Amino acid sequence: MTSSFSSRLSGVAAGLAVVVAAWFATTSVTKADEMDDILKKGELVVAVQTQGPPVSFVDKKGERTGLAVEIAKQMAADLGVKVVFQDYDWKGLIPALLAGKADMIAGDMTPTPQRASQLLFSRPMFFNDTLAFASKDSQFKTWQDLNKEGVTVAALQGSTYADAVSKYLPKATLKVFSGGGPAVAQTLTMGRVDAMVGGQDYNSYVRQFGNLKPLEGTMTREPLAFATRPNAFHLKMWLDNYVELKTADNSLQSLLAYWWTSDAWEKDHK
Amino acid sequence: MTSSFSSRLSGVAAGLAVVVAAWFATTSVTKADEMDDILKKGELVVAVQTQGPPVSFVDKKGERTGLAVEIAKQMAADLGVKVVFQDYDWKGLIPALLAGKADMIAGDMTPTPQRASQLLFSRPMFFNDTLAFASKDSQFKTWQDLNKEGVTVAALQGSTYADAVSKYLPKATLKVFSGGGPAVAQTLTMGRVDAMVGGQDYNSYVRQFGNLKPLEGTMTREPLAFATRPNAFHLKMWLDNYVELKTADNSLQSLLAYWWTSDAWEKDHK
Amino acid sequence: MTSSFSSRLSGVAAGLAVVVAAWFATTSVTKADEMDDILKKGELVVAVQTQGPPVSFVDKKGERTGLAVEIAKQMAADLGVKVVFQDYDWKGLIPALLAGKADMIAGDMTPTPQRASQLLFSRPMFFNDTLAFASKDSQFKTWQDLNKEGVTVAALQGSTYADAVSKYLPKATLKVFSGGGPAVAQTLTMGRVDAMVGGQDYNSYVRQFGNLKPLEGTMTREPLAFATRPNAFHLKMWLDNYVELKTADNSLQSLLAYWWTSDAWEKDHK
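Protein chains in written order, with the working numbering: chain P, 30 to 299; chain B, 30 to 299; chain X, 30 to 299.
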C-alpha cells in the first residue's frame, strides 16, 4: 500500500527478470512466451510507419519521434530493454508483424473487426474524435445545429467523416471533396460550404486559417490501438495493463496533450 | 490517423483474410485458432435461446430478430462471414458451446463467477438495471426514499430483485409475489404495496398501467455478456474489442436504445 | 433478462462444474486449464503478505482478515471451493506464485510494467490515491494551490509521494523525511512545513491529529491488483470479470468503503 513497498518490489522485479527467464526454460509450471523472448533478447522490436507528424516522424534535428514512437520508447525503458524501430509502409505493417519480424505495431491503427480477427489489439492508446467546424461568425454552436435542410457540410471523399455526415446529419447536404483535409478546409474558409466534418487533427487548419471554429460536441470517436500477434496473449495483456497504469498516473494524458490534442510539439520538433 | 488510411487498410485487411488463413497453416510463428476457423469455414455459429422479445425472438413477419440476434448478425457482417443461429433451451446453451457445436452464446447471460469458471465472457454487451417504481401520486422521489419503517415493497419471489430489497432497503418490508413481473406490477397498481423493485424491462408495465413512475437512481446493475469457450482467448479478445469499437462510434448505444431501454422495436416487430 | 433465469442457471452451472471437469479430460475441443484445476482440487490457494491492516492481517480475535483476504474469501465462496491462505514475505510472493505454490497473489501490489512482464495482473481491485494535506486553518483549498514559490511540502524519503511533489508541484520546495507516514504527518502538525503529500491512508493521521485537512483533488492514482501466472489466461479473465461484476452490484465498493477509504473496520477488528 505505501510506496516504499512498491519501490522495493520494483527493484526485486528488475533483479528477478534474469532469474525468471532462466527458470522458464527448466520448469513445467509455465513456459517461455513472447514477453520472455523480449526480455531474453533485451529488445522490443516495433513496426512503425514513419509518414509524418504527429504519430511517427523524423524531426528537424533528424531524430525519430512522435506520439507512437515516444510511447514505444517509454515501454522499452520501463521493461529495461532496448527499443528497435522498423519502418514499413502502411500495407507492410500487418504482414511484418504476422511474419514475426516485429513484436508489435505502434501507430494510429483503428482496431476494426477484420483486423482484430488477425491481430490482438491493445486497449485504445488514444482516440480520433470526429468533429464539426464552421465559420467563426456563423450562428452554429454544436454539431447538432448543422442537421437542418439547406445546410451544406463538406467532408473528404470516401472517408469515415463523410459517413458521419450521412449518418448523424441526415437533413444537411453532404458535399465531398478530394485532396485531403487542407482542400476541405479551404472550401470552408472560402465560404463555399456552411461547415465541414473531420478529425481532431483538422484543428490545425482552424488555427491556420484563423476564421474557423470547432463546434461543440463529439460526433463519433474512433479508437486507435497498438497491435501484436494473435497468440501473444501475455503481451496483449501487458499492453492493456500499461494503458491502465499510465492513465492512472496521468502520464499518457500528458503525452496526448503534447502530441495529439494540441500543437505543443511543433515548437520543439518542427 | 485520417480516415483514408483506415478505409484503405480495411480493404487490405479483407484481402488479407484469405492469405492469412492459408499462411497460418504453413508457419510456426502463430498457429490457427478459433478466429481462423471462423474465417476459414466462412460462418459464425451462434447459440441462442429464442424465447421472446426483446433479446431473441421471431417477429410478426416470421423473421428471427432481437437485440442479441442483431448484434451477432452485425458481427458476422463485419467479419465478412455468414451467421448461423442454433436454438437451444436455456439449460442447453452452455453444454452446446462447450461441446463445440457453436462458436459463441449470444444472449442476456449474467457472467456469474461459476459460469465464468467454465466459459470466457465478453465485456458486458449491456446491463440490466435494478430499479424501483411507485405510484405517480406518491411522495417517493428516489429509491432511497423507500428505506423507511412501514413502507412495503413488492418483488418477484426468489429473484435478485427481492435480494436487492433485503440488501439495500433493510428498513422497508419486502413482500414477495409469484407469477412474474406483470403480477408484481398489478399488485402495485392496485395499491396493495407502496412500491416495487424490478428490472428496467418493468418500465413496460409502467407505460401499460399509466399510474406508475420509476424512482430516480439505479439500485444495482447486472452485466449481461456473450460467451465463448474457455480456451478461445482470441475470440474473447475480439469480442471485447468489438464492444469498445461499437461503443466509441455510438452504434451499440443506438441498438440498445431501440431494443433494450425503450419499446421502439414494438412498432416494427410486434 | 429476468433474475429467475439467472438463478436457474446459477444452479445448473454449479451442477455442471463436476460434469465439465470430467468432460475436459476426455474431449479435444478444450483442455483442462488452471480454473479447472482449482475446481477439481476444490480449493483456491492464495498467497498473501500478512503484515498489518487494512489489507491482510490477524485481528484482535486472532482471525485472518483484511481487504485482500475478504475479497479472496468471497471469490472462493462464489466458486464453491475452499480458500487456503499461504503467508510469504513481500519478496517471496512472486517466486511462490511462479513456482506454482499458489494460484494467485491477493494484496496491494502495483502492476508495474516489469512485474507485468512476469505475471498477469487483474484489472485494478482498488487504487491508492496520492493526496495533499495541510493545516485546517491554512488558505490552501486544492493540491494545485501548493504549487507556489516558498511553499514547503513534506513527503516520505524515496517514495512515489516525493516523486509526485517534484513532478506536479515544481514551484514548491520538497522536504523529505524518513520514519514513515506518522513522522511526515508529525512534521506537518507541528507547523514545520506548509503541507504534506501521501496516500489516502494518510487520512488516518488527519483524523488522529485533528488539526489537519485533506486538500481537494487527486494528484495521481496508483492501481493495485491481484496477480496470477503468466500463462493463466482463463484465471486472469475470470478475475477481470469478477471486478466487473462486483463493481456493477456495488459489493466491491462496499468492501472498499469499509476497509480502504475509511476506518470503519477498526471498531470490529482493532
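Because the hints were derived from the structure by calculation, they are not lab data.
On a predicted model such as this, the values are computed, not experimentally measured, just so you know.
Hints are not guaranteed to be accurate.
Stated by the list, open to error - Partial chain B-side listing against chain P, Cβ under 7 Å, derived:
(1) Glu72
(2) Val112
(3) Val113
(4) Gln115
(5) Asn260
(6) Phe262
(7) Asn270
(8) Val272
(9) Ala277
(10) Asp278
The beta carbon of each residue, even a glycine, is placed where N, CA and C say it ideally should be.
Practice item. Run the structure past the numbered hints and jot down the numbers of the failing ones, going up. Key: 1, 2, 3, 4, 5, 8
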